[in-house]
Amino acid sequence: MSHTESIYHAQPSENQIRLLRLNTDTSSSDAGFLEIVSLDDAPQFYAISHCWGTKAHDTVIKIDGRPLSLTSDLASGLNVLQDLAITGSNFDPPLRYIWIDSICVNQQSISDRSTQVALMRQIYSTSVTTLVWLGPEQPWVTSAWRLLDQIYHVFKSTCPEVQRENDMSVGTYSDSLHQHTGLPTWDYESWGHLREMMHLDWFSRIWVVQEVVLSPKDPTIICGSHLYPWHRLQWASSWLRRKGYMRLSQIPEKLLNVSNMGNLRYCRANWPLDALLSFTMTKFHATDQRDKIFGLLGIAAECQDPSRIPPALRPDYSADLTSTYLKVARFLLENGSSLAILTRAHGADGCLMRKQRVHNLADLPSWTPDWSDFRVFNKGIRTSLARVHFSDLEKPPRLGFAKSFAASSSLELKLHEVENMSVLRVSVARLAIVTHCCYFGENEASKEDFKHTIDQNLRAAWNMSLSVLTVGDLTSWVTSFVKTTTAERYDLIGLSYEQTMKDGMAYLVRQLEIQGTEMRLPCDEGDRGKNIDLLQQLSVGGNAKDYITLAYTYCFSRCFVTTSTGNVGIGPSDTRVGDFAAVILGSDVPYILRNNGTLWSFIGESYMEGYMDGEAAKMIKQGVIQEEVLDIR
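Note that the sequence shown ends on residue 633 in my numbering; no numbers are left out.
By construction, these hints were calculated from the structure, which means they are not laboratory data. Possibly wrong hints are sitting among the right ones.
Restricting the straight-line Cα-Cα distance to at most 20 Å, the calculated cross-link-like pairs of lysine to any residue (SDA-like) are [what the hints assert, rightly or not]:
#, residue 1, residue 2
1, K530, R520
2, K545, Q511
3, K217, Y228
4, K327, L415
5, K621, G586
6, K403, S391
7, K379, Y173
8, K156, P184
Assemble the whole structure, with the sequences as input and the hints as a guide.
Right, here's the structure in full:
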């Protein structure tokens, strides 16, 4: 953007913003006029949500008689807004004033950006509503909206009482159920048009989250001359998600982003920043990676009162990226956040998580959460063992692990003071040494590729374990294997522990029958038939496909490990023999740590069968293991 000095000759003072008054005089070449107003008595205005993109600012418009260079898409958007202001449209109140970041904030001024970003919550929440500008007219737009209307009507007819996404029953996709809905077949062109629309960058831009969530009324989506209500897109996305469509290649992944924004919008409690960061980091992107944090502060529970925003959370564009992430991570840990924030930690040199990032943050310590953009979208990234719990609309959402995970039991986090802020000094209990690793997929295999090799990967993990462990009881071993390869996350697909055990046994029976002696058994081969018969009895009512769904989800980009204590688990894909499984006091899961001499590297979270339910606390009490202080860098 150029010519900024002449446009921004006056600076807003505290609690003031610039508004653009749209020019409705068709004889004038001005697009509008900037006015500085106080948020306390501003005229009614509409807040614009749009995508900056990377296109050149090669279209010149006039503001206050002065030239301003914008992208052609944004200039087109201003023309549409002017036309809507002139014709009156159906806007109530009339469309006269707008707030749009790319014009109302001096993007060349660090001070102006930092000050105005801190006011984003007030700006969007005091606007009439948010207007979403998707871009100029497109040939697919009518067809895509028509399909969304069809999906929305299926939702309304089948779920008439639903008020929020979690009220909808969870379903599994099937061709017969799809046919019953009356929705178009998969070869219908509107599905392709929907994918084209969802490919637009707006749907993955971090700033749009709060711009939609804070809108006082239902946002209006504008594409060319077409206007569409937000709630229809949101409920169509939610229905597709709850009914199992999101696992299909025909459904664009970015619809998850729409569903997530809907969940944020309808939640009555304020979301803490750690939960927001976890909820958005793998799905939304930013040009400036500091905005992965700053773009969420307007809806973060810690920043509801503009006069009491913690210093560590005040937008500061003069601070570099590494120091920004470090400062926020330490603030979260020191103020009660769960160690679940480490679920997307930067990791050690050469780890797959680093390779999947757009930016190489070489100076970021291994333990620090890396909130920066991924090169791949959500499905191509290792599934976290942590999640955001927000099913109760009346309670604040919580970032954490499943209730069944309690590795620390009653032990609380102990953060120790340290001069070097890049070092995390914590109390730890070392559990065991990793003795063997079986890697699930090599050479950065995609999740789609992994789907085709899941059987051989699970077979390799099974055989490797039985070659190095002493296993006497078949039932206990199978239970450990199924628990480990699913990370006990049966709730993910609405199942019980007992059902998942049956599902896993059904899968293993099938593999033992197909593979024959290529799959070991923890017993005499002479008893093979008898043991398979036992598994068949235990697997009655089991569904092998449901087990594979969970194993595929939690084994991707991980490795199966055995330990010096005879336990098995799954850890990050870059776990090595000689690494330690340890409980950081206060954590609900064990972590993999690597000894580098005086400092330790943080490798990542793990599921360790036999160490998930407070065993570490008991072992410390009994004197079997000791609590110690480690420096992690």
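Please flag the earlier hints that this structure goes against, numbers listed from lowest up.
Nothing - there is no hint that the structure violates, so all of them hold.
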